[in-house]
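K.L.:
With these hints in hand, go ahead and build the complete structure from the sequences.
Here is what each chain is made of, one letter per residue.
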Amino acid sequence: MSAETLSAAEAGLLSCTTCHLLSRPADPANLGHCPRCGTRLVFRRHNSIQYTWALIIAATIFYIPANALPVLTTTALGSTESDTIIGGVIYLYTSGSWPLALIVLVASVMIPLGKLVALAYLLIQVQRGQVRNRHDSTRMYRLVELIGRWSMLDVFVDAFVVALVQLQPLMSVEPGPGVVFFMAVVVLTMLAAQTFDPRLLWDTPRERQAFDG
Amino acid sequence: MEAIACRDCDLLQHIPPLPPRGKARCARCGETLATGHVDPFRLPLAFTIAATIAFIIANTMPLMGLSAVGREATTTIFGGALEMWQQGSEITALAVAFCAVVAPGAHLLFLLVVLISVRRPPAPRWVGEMLRSAHFMEPWSMTEVMMLGILVALFKIAQLATVIPGIGMFAAGAFVFLLAAVLVTLDSREVWARIEWADGTLPAAHTLPDALGTVQ
Chain R
1 MSAETLSAAE AGLLSCTTCH LLSRPADPAN LGHCPRCGTR LVFRRHNSIQ
51 YTWALIIAAT IFYIPANALP VLTTTALGST ESDTIIGGVI YLYTSGSWPL
101 ALIVLVASVM IPLGKLVALA YLLIQVQRGQ VRNRHDSTRM YRLVELIGRW
151 SMLDVFVDAF VVALVQLQPL MSVEPGPGVV FFMAVVVLTM LAAQTFDPRL
201 LWDTPRERQA FDG
Chain H
1 MEAIACRDCD LLQHIPPLPP RGKARCARCG ETLATGHVDP FRLPLAFTIA
51 ATIAFIIANT MPLMGLSAVG REATTTIFGG ALEMWQQGSE ITALAVAFCA
101 VVAPGAHLLF LLVVLISVRR PPAPRWVGEM LRSAHFMEPW SMTEVMMLGI
151 LVALFKIAQL ATVIPGIGMF AAGAFVFLLA AVLVTLDSRE VWARIEWADG
201 TLPAAHTLPD ALGTVQ
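Residue numbers (this note's numbering), protein chains in the order written: chain R, 1 to 213; chain H, 1 to 216.
By construction, these hints were calculated from the structure, which means they are not laboratory data.
Keep in mind that the hints are not guaranteed to be accurate.
Which stretches of chain H does chain R cover? Using the computed rule of at least three CB atoms under 8 Å from a CB of chain R, they are [to be verified]:
1. 93-105
2. 111-120
3. 132-145
Covered stretches of chain R, going by a simulated chain H footprint (3 or more residues, C-beta under 8 Å) [unchecked claim]:
4. 57-66
5. 115-129
6. 157-163
Per label pair, the in silico range of CB-to-CB distance [to be verified]:
7. E72/H to R40/R: 52 to 62 Å
8. H46/R to H14/H: 26 to 36 Å
9. D39/H to I57/R: 18 to 28 Å
For every residue, glycine included, the Cβ atom is placed at its ideal position computed from N, Cα and C.
P.N.:
Right, dumping it as structure tokens:
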């Protein structure tokens, strides 16, 4: 990029996180509120790195019971069977629907894992002060933000299977303990993506020092 | 020309007047900064009203029915969450209810109020608060994810019983497309330009929106 590029922060301007109005703080020590919408002004999200780390560490811990514990327990004619998330994928595959199996595999296994790895990678890059490829990193962040919600798929699948298959005493399906952990993983990774400030990827080390107070 | 800082990389730049459907992208990171709209208020309002009707039908009519060995069961969107709750997964039930019913409903309601209020500028300050809340709800409104979830659930159940799609299902499908149309036609920048400022002054530039936020 050309040498004349200037970030709003370098120019001493604040961009409102709510309405995107640019304003110049009267007092650099006390940034105050957006004159248009009243949102508290900040140069960068406060403690963005710490919050994002905390959320992805919590999500990583929940990811283990989410996959190890059953998400659905089916009772049919006296016999009981429990299914984990992977078990559900295998069931869809063996019952002849590999496209649906693939969708669930991507949404429930690959997207949550990919989000955790991608956010950790972005955080490490920012913390080391050397972002290798800012364009690709920004693109990766946007992808994480965009597809995160699709992981909720398995929670909806479980809810509607449970809601419909209530034909006591012949057959019933109950949610397993894994669902709540899986739901927590999805919510925590979505919050982590929202907490991460992508502008940190573009800040120069000098700027970063100035904001990370 | 309006000056703006890119949301993703903070690059300071000017937004030129845009032709209808024209897009201004960040020179550094490529993020879409602004879009030119033909009709930034009436068109999204029309889509929002249509989406509200579809949303009401989707939530009140049965989503699908199931029959097996002479027994029948139907469920609504909310019924999915309710059954989860009754089976002892209260937290998951709340998440399902929030993402499938509360967030889409609140998102629509806030957008409806905002779009009606900005028809006669200047709109009062609380309209900005509503727009902010609408943006907050957006990522949590997961009707399209729910639709795909229902599809997978139906396939799983189809092995056990006969499933009959209900009116609610078609309405939910229509809602997904109508909401997408709302989000494409809505221009938050134009909306903000018509809202009264926090210090009580009128948006001086609602007749001349380009002057808003300009850095001297």
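K.L.:
Confirm or reject each hint.
P.N.:
Checked hints:
Residues of the stretch 93-105 of chain H with a Cβ under 8 Å from some Cβ of chain R number 5, which satisfies the need for three, so the listed coverage holds. Using a Cβ-Cβ cut-off of 8 Å, 0 residues of the stretch 111-120 of chain H lie near chain R, which falls short of the minimum of three, so the contact claim is violated. Closer than 8 Å: that is the beta-carbon criterion, and the stretch 132-145 of chain H has 6 residues meeting it against chain R, so the requirement of 3 holds. Evaluation of the coverage hint for the stretch 57-66 of chain R: breached, as 0 residues show C-beta separations to chain H shorter than 8 Å, against a requirement of three.
Restraint check on the stretch 115-129 of chain R versus chain H: 0 residues with Cβ-Cβ distances below 8 Å, three needed, restraint violated. Only residues whose beta carbon comes within less than 8 Å of a beta carbon in chain H count, and the stretch 157-163 of chain R has 7; three or more means the coverage holds. Distance hint check: the CB atoms of E72/H and R40/R are about 55 Å apart, consistent with the given range 52 to 62 Å. Checked against the given bound of 26 to 36 Å, the beta carbons of H46/R and H14/H, roughly 29 Å apart, stay inside it.
The beta-carbon spacing between D39/H and I57/R, approximately 47 Å, falls outside the hinted interval of 18 to 28 Å.
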